[in-house]
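Undergrad: Below are the chains, spelled out letter by letter.
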Amino acid sequence: MTPAPKTYVRPMNRWWMRHPAYRRYLLREGTSVMVAAYALFLLAGMVCLVLGEAAFNLWRGFLQSPVSVIFHLAALAAFAFHAWTWFKVMPLTTPPIRFRGRSVPDRMIFRAALWAWGIASLILLVLAMRFL
Amino acid sequence: MSQTRTIMIECLRYDPEQDQAPHYRTYEVPFTDEMSVLEGLQYIKDHLDGSLTFRWSCRMAICGSCGCMVNHQPILSCQSFLRDYYPARIRVEPLEHFPIVKDLVIDQSDFLGKLESVTPYLVPAQPLTPEDGPNLQTPRQIEDYLGYAQCINCLLCYAACPQYGLNNEFTGPAALALLARYNADSRDAGQKTRMEVVNAEEGVWGCTLVGLCSEVCPKHVDPARAINRNKINSTQDYFLRFLAPFGRGS
Ligand code: SF4
Ligand code: FES
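Here the protein sequences line up with chains A and B, keeping their order.
The numbering used here puts the first residue of the first sequence at 1, with every later residue one more than the last.
The numbering used here puts the first residue of the second sequence at 133, with every later residue one more than the last.
Chain A on its own, in the form it takes in the complex (with noise of 0.2 angstroms):
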């Protein structure tokens, strides 16, 4: 097919103005910085204790700093929104699954998820409050 003859494009400056859909995706995608963040955060913890004792209990000095506890704050709300949102698309990235010769619905697909999320969550609080 031949391209008609002169046509305008429009540009793509603040694309993300143009719908609430592509704000709240940037949003989703945004959280992984602090996901990200938060992996150096604890990689720079490993690094400390092969450092010797001194460097980690420095480290873990730091943890119980305020500005410590915000980060983590701020890191659960990342990681809550990041899992919540990813669990949500999870069903569109799945291959078809049947139940009993029918699909199974994407609802329970996302109650699943967040099932399992909720109890591998518990278990680790557990564990946690046993052996530390």
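Source of the hints: derived by calculation from the structure; they are not laboratory data.
One or more of the hints may lead you astray.
According to the in silico footprint, chain B covers these stretches of chain A (three or more CB under 8 angstroms from chain B) [unchecked claim]:
(1) 10-22
(2) 91-99
If you want the footprint, here are the derived chain B segments under chain A, 3+ residues with CB under 8 angstroms [stated by the list, open to error]:
(3) 291-304
(4) 333-343
(5) 346-357
(6) 360-372
The beta carbon of each residue, even a glycine, is placed where N, CA and C say it ideally should be.
Assemble the complex: chain A is given as a structure, and chain B with the ligands must be docked to it using the hints.
TA: What follows is chain B with the ligands alone, placed relative to chain A:
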């Protein structure tokens, strides 16, 4: 006969022979409850400004030619009603992310090329003739692709996809959904030919799951699902190539 009210329709105008860039014009359109946005545009063309250019045909959400943006939302103008926007004014623009030919008419040639690239027809394992008889399917086999087969090529999903807007090399929602439609068909053996399109950076991996394509699709084709399921196939394909480097010659 329901009562007549007046709504303001702000319409993007672009005349390639006169304008350097598009501009907006506002029209006062009397409407009744049963009037669609398309009928509003037709009112403008018939009574206010005969030069307004837009596409339409079936007026019943079947032909897919009347798509446009209303207040930044891609819609079929024959399927959206003025009463649902009133008393606010509405802003009508051509579908986002496509070059504007004139007013609300966009150039779809890029999409048509992409549509061709996904081999959008059945590729039988062996050539068949009418003597071979009907190619039967069970209801379950039909169910595997029927949803994807509802596409009317209206391009609302492309207008909803910022990835396509930012980089139109991306094969895009409807074409990839049709690709999934033929791959999922039990009568088809063309998966291998389509895999190249799937695996490309501009194939399924161009999608970051913004997800608006599935929300705006008037036929519930769910292109986001089709694309993201194919990411699994593409990943499998990638690793299988390492496992069997000599066994999968094409
Ligand atoms: S997938 Fe849906 S929105 Fe996209 S072209 Fe087909 S019918 Fe239109
Ligand atoms: S006029 Fe055919 S889909 Fe709207």
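Undergrad: Please write out, lowest number first, the hints stated earlier that are contradicted by the structure.
TA: The structure conflicts with no hint, since it agrees with every one listed earlier.
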